[in-house]
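So the chains spell out like this:
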Amino acid sequence: MTQHAAILPLLIPFVAALLQLAAKGYGIGVQRAIGLVAAALGVAATLWLVLLADDGMVRVYALGDWVAPFGIVLAVDRLAAIMVLLTAALAASTLLYASAGFDERGRHFHPLFQLQVFGLQGAFLTGDLFNLFVFFEVMLLASYVLLAHGGGLARTRAGLAYVALNLAGSALFLIALGMLYGTLGTLNLADVAQRLQAPGIDVAPARLACMMLIAVFALKAALLPLSFWLPHAYAAAGAPVAALFVIMTKVGIVSILRVQAIAFAPAAATTDLLDGWLLPLALATVLFAAIGALAALRLRDLAAWLVLASAGTLLVVPVFPQADVSAAALYYLVQSTFVAAALFLIAELVAVRRGEVADAFQPGPRLHTPWLGSAFLLAAASAVGLPPFAGFLGKLMLLSALRDSGDALAIWSALLLAGLLLMLALAKGGGRLFWERSPNHPHGSSQPFGWRRNLAVALLVSPALLLALFAQPVADYATRAAAQLHAPQGYVAAVLGTQAIARETRP
Amino acid sequence: MEALIAIAIGLLTACGVFLMLRARTFPLILGLTLLSYAVNLFLFASGRLRMDAPPLIRAGASYTDPLPQALVLTAIVIGFGMTAYLVMLALRALSESGDDHVDAKEKQ
Chain A
1 MTQHAAILPL LIPFVAALLQ LAAKGYGIGV QRAIGLVAAA LGVAATLWLV
51 LLADDGMVRV YALGDWVAPF GIVLAVDRLA AIMVLLTAAL AASTLLYASA
101 GFDERGRHFH PLFQLQVFGL QGAFLTGDLF NLFVFFEVML LASYVLLAHG
151 GGLARTRAGL AYVALNLAGS ALFLIALGML YGTLGTLNLA DVAQRLQAPG
201 IDVAPARLAC MMLIAVFALK AALLPLSFWL PHAYAAAGAP VAALFVIMTK
251 VGIVSILRVQ AIAFAPAAAT TDLLDGWLLP LALATVLFAA IGALAALRLR
301 DLAAWLVLAS AGTLLVVPVF PQADVSAAAL YYLVQSTFVA AALFLIAELV
351 AVRRGEVADA FQPGPRLHTP WLGSAFLLAA ASAVGLPPFA GFLGKLMLLS
401 ALRDSGDALA IWSALLLAGL LLMLALAKGG GRLFWERSPN HPHGSSQPFG
451 WRRNLAVALL VSPALLLALF AQPVADYATR AAAQLHAPQG YVAAVLGTQA
501 IARETRP
Chain B
1001 MEALIAIAIG LLTACGVFLM LRARTFPLIL GLTLLSYAVN LFLFASGRLR
1051 MDAPPLIRAG ASYTDPLPQA LVLTAIVIGF GMTAYLVMLA LRALSESGDD
1101 HVDAKEKQ
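Which chain is which? The protein sequence lines are A and B, in order.
As numbered in our numbering, residues 1 to 507 make up the first sequence, in order.
As numbered in our numbering, residues 1001 to 1108 make up the second sequence, in order.
By construction, these hints were calculated from the structure, which means they are not laboratory data.
Remember, predicted model here, so these are calculated numbers, not experimental data.
Watch out, some of these pointers could steer you wrong.
What the hints assert, rightly or not - Some chain A residues well away from chain B (every beta-carbon gap over 10 Å; in silico):
#1 14
#2 59
#3 130
#4 137
#5 144
#6 148
#7 157
#8 181
#9 182
#10 323
#11 373
#12 400
Said to hold, decoys possible - Computed from the model, here is a short list of chain A residues facing chain B with C-beta under 7 Å:
#13 160
#14 171
#15 200
#16 204
#17 208
#18 211
#19 438
Said to hold, decoys possible - Label pairs and their computed distance ranges (CB to CB):
#20 232(A) / 1010(B): 49 to 59 Å
#21 1026(B) / 370(A): 31 to 41 Å
#22 427(A) / 1026(B): 28 to 38 Å
Beta carbons are placed, not taken as given, at the ideal position from N, Cα and C, and that holds for glycine.
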């Protein structure tokens, strides 16, 4: 059983999606039940994987038992295990929220949701670059339909731009893969790492291919010149969908981190690939997001800008391939994902309560929900990095890990200034939403939200506290994960074995 | 043959990018389709161009690299599905706003 643990995070959502399609005629209740059971199983399976991976071994699962580099493999190290657990936990909470009624606003919500989870988990687990492309496409195709779920011109428009941009991105991804295969003769990540270090490769096309790969991941991670789609698309999506999308920028970031640590940094040909350009762009992304947040007119826009700000912060990390920086980044990544997702859900609950003014930052009717205000306060405080919450610890770890780098002054000023601007934006917006009343507005709905929505928000907000309370074990795990990531020879040996692979020379 | 393939890929890419920048949904879809043709040709060529060689490895016979052909097949299927969805989305945007601009405003 243990040897098949690596495939469980993929099998569970895939089987659930098929069952849900088959059970379409039995009403949405059955689909919901299947989805929630699958989400719970997914959390259990990924938690098990996290515990298994902590022995420091890279678990390689050869699909169809074809060995790498000829077959496709899944590789589970600690980083992959953390990411699949994060995805499963986020998916379970957002699915719980969506089953309170959002899933009935369009067709096929549940199977698409499971397929999106399938694509996300696959992207984190795979050890093959072409397979990564396929999982990206699975994830994107489901996300295109989920983005349009619920209807309305705003979603169609946002969807059109989002789909077109990502199709262009996929084209670039394929060109990069073709070039990589043409020069190195392999697409298995561990094998790419080995071939890049081999003497006699054609350095220029290999570098170009690697750079294009980074550009595609940067598009998914929303690095500045490629980030204009994000606030638009995320703010237009329905709340549970936007909350799930928070993890999609993280897919891009983790992909950059992984290819950089395993393949590019150890090879002399590509070790300086990210130098000089990624850091300024990442810091510009953070400041751009902070200014956007100041200008946001609705809470959901503000949450979308926060996603961009955290993506920019995390994109600083691949520039410094050191274990302590990556460890801090992992801790920051986990908490920022939960907090941003929580803010999207809170924005919708506030909008429901306030009726026609929705979540716009205008005076509106009184909100009779003190706990929603507290949830917002907690999420906002953690998002901007105020002590004593997890966001503060994450930012502190990241900043202190970067203290000795030559660019510390620029990084510290940009991140702290952005933090201040985000705090202003959230304080201003939150004050308007929760305190300023206007008697002219009719009351919004005062129906109770129901236990599913309340529990989902509580589940997503609580990590801001829990990750701070249990910071030591989480940060220790992140440290071990980062140490494993930056010792790529273990990964390469686990995937490829030790014997040399015979190769034919090509024209 | 290399030059011919290279020119074809370049021409398709240039036309595709030009059409994609037109900001109308129909040229956009055509542009993406042309771009995906160019990409498929490129992927195919990444296994080297060889005449009269099947992608089957047999003792003594000449063969061509089968992997890029499998990759192209996957890429074609995925690209086709994506384009079909984009067509549906474009039609929906057209019927909701009465305009085929990618930044269509609400119908007045």
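Hint-by-hint comparison with the structure:
Residue 14(A), annotated as away from the interface, keeps every beta carbon of chain B farther than 10 Å; the closest lies near 17 Å. With 10 Å as the threshold on Cβ separation, the claim that residue 59(A) sits away from chain B holds: the shortest Cβ distance comes to roughly 26 Å. Distance to chain B contradicts residue 130(A) as a non-interface residue, since its nearest Cβ pair spans about 6 Å, not more than 10 Å. Listed as outside the interface, residue 137(A) is inconsistent with that label: its C-beta sits roughly 5 Å from the nearest C-beta of chain B, within the 10 Å cut-off.
With 10 Å as the threshold on Cβ separation, the claim that residue 144(A) sits away from chain B is violated: the shortest Cβ distance comes to roughly 6 Å. Separation of residue 148(A) from chain B is inadequate, the least Cβ-Cβ distance of about 7 Å not exceeding the 10 Å criterion. Distance check on residue 157(A): its Cβ comes as close as 6 Å (rounded) to a Cβ of chain B, failing to clear the 10 Å threshold; non-interface status is violated. The beta carbon of residue 181(A) is not kept farther than 10 Å from every beta carbon of chain B, the shortest such distance being approximately 5 Å.
With a cut of 10 Å on Cβ distances, residue 182(A) falls inside the contact zone with chain B, its closest approach being about 4 Å. Chain B leaves residue 323(A) outside its interface by the beta-carbon criterion, the shortest separation being 35 Å against a cut-off of 10 Å. A cut-off of 10 Å between C-beta atoms confirms that residue 373(A) is not in contact with chain B; the least separation is 33 Å. Remark: the non-interface label on residue 400(A) is consistent with the geometry, its nearest Cβ contact in chain B lying 43 Å away (cut-off 10 Å).
A hinted interface residue such as residue 160(A) counts as satisfied when its beta carbon comes closer than 7 Å to some beta carbon of chain B; here the least separation is about 5 Å, so the hint holds. For residue 171(A), the interface hint holds, the least distance from its beta-carbon to any beta-carbon of chain B being 5 Å, beneath 7 Å. Restraint check, residue 200(A) versus chain B: the minimum CB separation of about 17 Å is more than 7 Å; hint violated. A hinted interface residue such as residue 204(A) counts as satisfied when its beta carbon comes closer than 7 Å to some beta carbon of chain B; here the least separation is about 16 Å, so the hint is violated.
Interface restraint check for residue 208(A): the shortest CB-CB distance to chain B comes to about 13 Å, outside 7 Å, so the restraint is violated. A hinted interface residue such as residue 211(A) counts as satisfied when its beta carbon comes closer than 7 Å to some beta carbon of chain B; here the least separation is about 16 Å, so the hint is violated. For residue 438(A), the interface hint is violated, the least distance from its beta-carbon to any beta-carbon of chain B being 26 Å, above 7 Å. Roughly 32 Å separates the CB atoms of residue 232(A) and residue 1010(B), a value that falls outside the hinted 49 to 59 Å.
A hinted range of 31 to 41 Å for the beta carbons of residue 1026(B) and residue 370(A) is inconsistent with their spacing of about 52 Å. Between residue 427(A) and residue 1026(B) the C-beta distance comes to about 46 Å, which lies outside the given range of 28 to 38 Å.
In this structure, the hints that do not hold are numbers 3, 4, 5, 6, 7, 8, 9, 15, 16, 17, 18, 19, 20, 21 and 22, in rising order.
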